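All chains, please: the whole structure from these sequences, using the hints.
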Amino acid sequence: MEPLLELHEVNTYIGQFHILEGVSLTVPAGAVTVMLGRNGAGKTTTLRTIMGLIPPRSGRIVLAGREVQGLAPHQMAQLGVGYVPEHRGIFADLSVAENLKLAERKKGDLERKADLIFGLFPDLKRLIKLGGRNLSGGQQQMLAVARALVPDNKLLLIDEPTKGLAPVVVEAVMEAIHQLRETITVLLVEQNYLVASDVGEYYTIIDVGRTVSTGTMAELKTHPEIVERYLGAT
Amino acid sequence: MPIEELLARIINITLQGLTMGMLFFLIAAGLSLIFGLMDVLNFAHGSLFMVGAYVALTTFWLLGGYPLSAIPAQQLGVLGFNTAPVLVADTNLRFLSAVIVGTMTGLLVGTLVERGLIRPLYKRPIFQILLTLGLVYVIAEVVKLIWGPAPLGMAKPALLTGTVDILGRAFPIYNIFIILLGCVVMVVVYAILRRTRIGIIIRAGVEDREMVQALGINVQRVFTGVFALGAGLAALGGAAAVPFLGGMAPEYGMAFQLSAFVVVVIGGMGSFPGAFVGALLVGLARAFADYQLSPIIAQGIVVGMMALVLLVRPQGLLGRKKEGGH
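The listed protein sequences correspond, in order, to chains A and B. In terms of the numbering used here, the first sequence is residues 1 to 234. In terms of the numbering used here, the second sequence is residues 1 to 326.
For the record, the hints were derived by calculation from the structure and aren't laboratory data. Be a bit skeptical, because a hint or two may be false.
Stated by the list, open to error - Cut-off 35 Å, straight-line C-alpha distance, at most; resulting in silico cross-link-like pairs (DSBU-like, lysine-lysine):
| hint | chain 1 | residue 1 | chain 2 | residue 2 |
| --- | --- | --- | --- | --- |
| 1 | A | 154 | A | 106 |
| 2 | A | 107 | B | 123 |
| 3 | B | 123 | A | 163 |
| 4 | A | 154 | B | 123 |
| 5 | A | 106 | A | 129 |
| 6 | A | 154 | A | 113 |
| 7 | A | 101 | B | 123 |
| 8 | B | 123 | A | 106 |
| 9 | A | 163 | A | 125 |
The model shown is predicted, which means the values in this text are computed figures rather than measured ones.
Listed below in structure tokens is the structure:
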């Protein structure tokens, strides 16, 4: 498959700390790629670097054939990259409707995507006027993913969407990602290997700021020693 | 004291407090939004209040036929120096023009300050603070250079001169105008924040600026608008304050700046409704303490209120703890 996103030897610092030490990865178009790794491996920093929230010190980031390292976050978003952060980023003072409306990049985006969004997350329709602060963790997560679907994004960066959620919510969010995979490319950070292996078609393992293993999920399932070594569990 | 007299006195002091509160609100509202959205602590905000006042009173006198060179010599009530043609005889129109010009000047100065001075220092907050502190002194000295150090006044427009009888006590109509002005500003800006896309962006940006950027919105452009709006509101407050205070002097900017900070802390940084509630509380506290005790103790009480809020609810009465991304 053609890559939609490529990282080549990306080095990122946070203050004086060298977090990403030459990360290279490929995200094939129209598929779900899962980024795996232990706590503190550099997964979130990788997503934030791609999104322009932390500028890389060196290396190249190529999106659909165009070099994008150094672009500001709003520019990355305008190129069609949607970001669902670990903390969900739901605006507490805004209603569900306002949270969704804010994500519009063209007038009418939300109207056009309403069927898709409320089809995937029917609960959100019921909660449309509720304030962000009144949503449960699971509802916030659904809203965060739904918000990333409002504009015509070609790539979704999703950071640990199942963290702290009840199994039934995890299932709903993963089912949504699974349904999306044919229409949109997803780079998903997920610590839970079982959940990741169910939804991902490709994988990348980050360890101590470096890419240590990549390939198809099918291949990874036949190498439990890799999972054991870098994730500590099967 | 008879109950009616006591009630009349309480109402009078309350209205006085509300008047002061509305002036505090006009400065504090912008300060709060600027800090909430942009993380900029603008020490020069009170100076914008002062600039609005001086430009307004200058416009008022110029339209009344007093050349610019004569204005520093004017004191309220001494009106024998109009050697230029009277451009606008109607004091109501002159006042309205003066307030509009004063407010627009605040908007313009705010825009220039944000783009030229604040923007290059977004990633260096310490320098930003130093810069705005420096601006306070620069603006005060420029004002002294142009208008002199003595207080300058502006006559009340004919329509707002005089008093109304409230339970047997005379209350200035001009003060009621200030209260209404504050209410109108509150309603209009609140409606913008609640019902328009730019308002949604500002409210979201106050919570999590980074996430707003990640949604494709260039927050920098919004910064300029918010800074300008905040400056405009402060200038409007300054323009309206001149007849109420009896005059404007270069040191008033800093005095009102201090009160504005107290209001923002009490109401909650980044909270527009918080600025309104905080301002009214501070205005009322000062009015009652001023009446019962003394102006110095009144100021102390207000600072005490701020300390209490910081201890009990540091994010302010209507403020919220910020999310990540700042």
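Worksheet item: Is the hinted pair residue 107 of chain A and residue 123 of chain B satisfied, with a Cα-Cα distance of at most 35 Å?
Response: 33 Å, holds
Discussion item. Against the 35 Å threshold, does the CA-CA distance of residue 123 of chain B and residue 163 of chain A hold or violate the hint?
Written reply: The hint holds at about 32 Å.
Item to complete: Could you grab the alpha-carbon distance between residue 106 of chain A and residue 129 of chain A and see if it respects the 35 Å cut-off?
Response: Holds: residue 106 of chain A and residue 129 of chain A sit about 22 Å apart, inside 35 Å.
Worksheet entry | Pairwise hint evaluation, residue 125 of chain A against residue 163 of chain A, where the allowed Cα distance is 35 Å at most | Roughly 23 Å separates the two Cα atoms, so the pair holds.
Worksheet item: Within a Cα-Cα threshold of 35 Å, do residue 101 of chain A and residue 123 of chain B meet the stated pairing?
Response: Within the cut-off at roughly 30 Å; holds.
Worksheet item: Do the alpha carbons of residue 154 of chain A and residue 123 of chain B lie within 35 Å of each other, as the hint requires?
Response: 31 Å, holds
Item to complete: Starting from residue 154 of chain A, check that the Cα of residue 106 of chain A is at most 35 Å away, please.
Response: At roughly 15 Å apart (the allowed maximum being 35 Å), residue 106 of chain A and residue 154 of chain A satisfy the hint.
Worksheet item: Does residue 113 of chain A lie within 35 Å of residue 154 of chain A when you go C-alpha to C-alpha?
Response: 14 Å, holds
Discussion item. Just to be careful, I want the Cα atoms of residue 123 of chain B and residue 106 of chain A compared with a cutoff of 35 Å; is the pair within it?
Written reply: Satisfied, since the Cα-Cα distance of roughly 31 Å is no more than 35 Å.
Checked against the numbered hints given earlier, the structure satisfies every one of them.
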